[in-house]
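Chains as they are written, first to last, in the numbering used here: chain A, 1 to 356; chain B, 1 to 347.
Calculated directly from the structure, the hints in this document are not laboratory data.
By construction, the Cβ of each residue, glycine as well, lies at the ideal position given by its N, Cα and C atoms.
One thing to keep in mind: the hints can contain errors.
As the list claims (entries may be wrong) - Think about it this way: if two alpha-carbon atoms lie no more than 35 angstroms apart in a straight line, the pair counts; the simulated DSBU-like pairs of lysine-lysine are:
no.	chain 1	residue 1	chain 2	residue 2
1	B	K102	B	K59
2	B	K319	B	K309
3	A	K331	B	K311
4	B	K309	A	K172
5	B	K311	B	K332
6	A	K294	B	K105
7	B	K105	A	K331
8	A	K315	B	K319
9	B	K332	A	K256
10	A	K172	B	K105
11	A	K217	B	K105
12	B	K311	A	K315
13	A	K217	A	K99
14	A	K331	A	K315
15	B	K311	A	K257
16	B	K279	A	K217
17	B	K237	A	K172
18	B	K105	B	K298
To be verified - Okay, the calculated beta carbon distance ranges per label pair:
no.	chain 1	residue 1	chain 2	residue 2	range
19	A	W224	B	E166	41 to 51 angstroms
20	A	D328	B	I161	30 to 40 angstroms
21	B	G58	A	P124	21 to 31 angstroms
22	B	R330	A	D284	50 to 60 angstroms
23	A	D168	B	E166	44 to 54 angstroms
24	A	D177	B	D273	31 to 41 angstroms
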Amino acid sequence: MSDISVHSNTATRRLIAVLCCTVVAMLLGVGPTSADAGVGDVIQQTQPKIVKIYGAGGFGGLEAYQSGFLISAEGHILTSFSYVLDTDYISVTLDDGRKFDAKLLGADPRLEVAVLKIEAEGLPHFDLDEAAEVGGGTRVLAFSNAFGVAMGNEPATVQHGVVSVKADLAAKRGVFDTPYRGPVYVLDAMTNNPGATGGALVARDGRCLAMLGKELKNSTNDTWLNYAVPIAELRGSVDDILQGKLTAKIEDREAKKPARSLELASLGIVLVPDIVSRTPPYVDEVRPGSPAEKSGIAADDLIVLMGDRLVQSCKILVGELEYVDFEDSIKLSVLRGGELIEFVLRADIQDDGGQQ
Amino acid sequence: MISKTTKTVCMLLALLCCGTTVADDLETLEQQALTAAVDEVAPSVVRIETVGGSERIGKMVFGTGPTTGLVVDPEGYIISSRFNFMNNPASILVRLPDGSRKPAKLVATDHNRMVVLLKIDVEQPLPVAPIAPLGEIRVGQWAIGMGRTYDAQRANMSVGIVSATERIWGKAIQTDAAISPNNYGGPLVDIRGRVMGVLVPLSPQSDNALAGMEWYDSGIGFAVPAEQIQAVLPRLKKGEDLRPGTVGIAFTTEDMNTGEPVIGAVRPDSPADKAGLKKGDRFVEIEGAEIRRTADAKREIASRYAGDKVKIVVLRDGKRVESTAELSVRPKRPARPAQGKPMIPKR
């Protein structure tokens, strides 16, 4: 074997060794081509689609700005419906720093979504037809102008996190419940800050997932909530707005109340006096001969479930009964001696007939 | 003819050329591993619902829940955060991942690590997730906080890393994953689907069960190591409430990190007094652990419970003196009237 071939084999082995090390380094994510490069590209491609919106506010702790994102090349912008848009002078700043006056095309107050229009063409945008739906654990990027830190042509703020869970929104603003109670992506990053509402939640492959929501508190534990409304939920309203035929879809729960609601008295149940804000719904007394007595409910039972719904206090139980027709039967689960017992009962209609 | 070596080189070059794809695949695999870890533990993560209870604790509005618990025994024992029951609810219901609801009894409380043990009656053994040994937990590894508060059917998750081990006097693992009432009582899980600890609010400055709640979702969250919970589980199952232990001494210095561990005072009738410790003794060892600073002694005592017997070695007149002290409950501080105002006795 000649010296040349020996050197050649040695050189090849060295080359293979170097390549192997490089590939291993890549696999470990320490090389120049790590996962960051992919995310970096996605961020770069997404930034031109994010806009800064300026409008009403600027006093009393109300910011006069929010975020939005382009959904057409012709300047349609999806954003959150808020007081910021409650003015004739809405201004939009694109990623490249160009400023435009914007027109509010329409809004859906139930979903708190609005569509703006600026006079421009050939703009980079999200195609809502390509919007993706994801589940818990999906890694996501949130783009917004939170706290208004991005000025002029400065890019929007990017945050990373995961979808904590996709669940129905149970939130409040101050003491008022939010109008939208549908599915949202709950996020594990602190995304919902002042000015962030209307921003875009994007998958790590760049597809649009959702619109960042407002600053709300979780109504079950009084903690700040970070969430985004999936595009699938917004799509119908956005299409209606674009076609100029939006009808406000405000859910009116009052409408679901029956003409005559079921009352505990007609079941023969008397609860303990409701003296504190969360008085446990203990049965104080059961009227003789009543449906409650016939079914087996007894004094000192603690009512914990109505149907499948947890009733945590006397107030909640009474409130929930307002949505039950007086003719319908209900299932009450009570705790008695550490045991959960179910009862199905119905008001004695004949006895109550005269009250109609 | 192309040699095998050349083929290998070409394949590696091809791999290099599509480096981004490899990286993207890695990211996908990482995400899959995180969700797989959650799926592994989710059957042991239960939802806790309460009825009644106070609306406020101090100035804090106490939520109605739901909160989270972790099955630690197939026979229906569930660990949760003490925080979740601070409003003294009238009743507790546990909702299992299959949707069934069971009335629960609060068996015992660990006032040192701020966890409670619940018990439900079960017809079928409940699934218990595997535990990650404390010795295997490393700073920087993936950490997933899990709860079951937003949706009864699906566990919620937050992702971060282990920020520190042996926090709060050795009683907690610290994580930057989002930790809040949305997952207090749930597990902190590693990427292999093993439970590292149970999420609770904690603070090094206070032993109040609400302390640390102000840091929710801030990037500073804590979990009590699962291994430590397992160690006290038999006592909790017996209904024994566990309280922080004290030895009953004061050091000559208040500087925890640089101060010499020399006893400045011994409280009469305290465990230290009964064990024969004296003013001027210098701590050398507690239960075999070397004590060099007052913080070392504080760590060894604070992680233990009232009733625990600890072997203490001190240096007295240049000689090692061994003794055993049985830790006691911390005495309540006597109420002190505000300056210039008379103390009104309680009725």
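Status of each hint after checking the structure:
1. Pair hint K102 (chain B) plus K59 (chain B) holds up; C-alpha atoms about 32 angstroms apart against a cutoff of 35 angstroms.
2. Taking the CA atoms of K319 (chain B) and K309 (chain B), the gap is about 22 angstroms. The hint holds against a cut of 35 angstroms.
3. Taken as a hint, the K331 (chain A) and K311 (chain B) pair is broken in the structure, with Cα atoms around 59 angstroms apart against an allowance of 35 angstroms.
4. Restraint check for K309 (chain B) and K172 (chain A): not satisfied, since their Cα atoms lie roughly 51 angstroms apart, outside the 35 angstroms limit.
5. With a C-alpha separation of about 25 angstroms, the suggested pair K311 (chain B) and K332 (chain B) falls inside the 35 angstroms cut-off, and the hint holds.
6. Our distance criterion of 35 angstroms between C-alpha atoms is met by K294 (chain A) and K105 (chain B), whose separation comes to about 29 angstroms.
7. Among the hinted pairs, K105 (chain B) with K331 (chain A) is consistent with the structure: their alpha-carbon atoms are about 24 angstroms apart, no more than 35 angstroms.
8. Pair hint K315 (chain A) plus K319 (chain B) does not hold up; C-alpha atoms about 69 angstroms apart against a cutoff of 35 angstroms.
9. In summary, the hint linking K332 (chain B) to K256 (chain A) is not supported, as the alpha carbons are separated by about 55 angstroms, beyond the 35 angstroms threshold.
10. Restraint check for K172 (chain A) and K105 (chain B): the C-alpha separation of about 32 angstroms stays at or below 35 angstroms, so the hint holds.
11. Restraint check for K217 (chain A) and K105 (chain B): the C-alpha separation of about 30 angstroms stays at or below 35 angstroms, so the hint holds.
12. Proximity of K311 (chain B) to K315 (chain A) is assessed by CA-CA distance (about 56 angstroms); at most 35 angstroms being required, the pair is judged violated.
13. For the hint pairing K217 (chain A) with K99 (chain A), the CA-to-CA distance comes to about 33 angstroms; that is within 35 angstroms, so the pair holds.
14. Pair hint K331 (chain A) plus K315 (chain A) holds up; C-alpha atoms about 18 angstroms apart against a cutoff of 35 angstroms.
15. Distance check on the hinted pair: K311 (chain B) and K257 (chain A) sit about 69 angstroms apart at the alpha-carbon level, beyond 35 angstroms; violated.
16. Among the hinted pairs, K279 (chain B) with K217 (chain A) is inconsistent with the structure: their alpha-carbon atoms are about 54 angstroms apart, more than 35 angstroms.
17. The hinted pair formed by K237 (chain B) and K172 (chain A) fails the criterion: a straight-line CA distance of about 39 angstroms is larger than 35 angstroms.
18. A distance of roughly 34 angstroms separates the Cα atoms of K105 (chain B) and K298 (chain B); the hinted pair therefore holds under the 35 angstroms criterion.
19. A hinted range of 41 to 51 angstroms for the beta carbons of W224 (chain A) and E166 (chain B) is inconsistent with their spacing of about 30 angstroms.
20. As the Cβ distance of D328 (chain A) to I161 (chain B) is approximately 52 angstroms, the hint placing it in 30 to 40 angstroms is violated.
21. Between G58 (chain B) and P124 (chain A) the Cβ separation comes to about 51 angstroms, which falls outside the hinted range of 21 to 31 angstroms.
22. As the Cβ distance of R330 (chain B) to D284 (chain A) is approximately 42 angstroms, the hint placing it in 50 to 60 angstroms is violated.
23. Between D168 (chain A) and E166 (chain B) the CB atoms are about 40 angstroms apart, so this pair departs from the stated range of 44 to 54 angstroms.
24. For the pair D177 (chain A) and D273 (chain B), the supplied restraint of 31 to 41 angstroms is violated, since their beta-carbon distance comes to about 59 angstroms.
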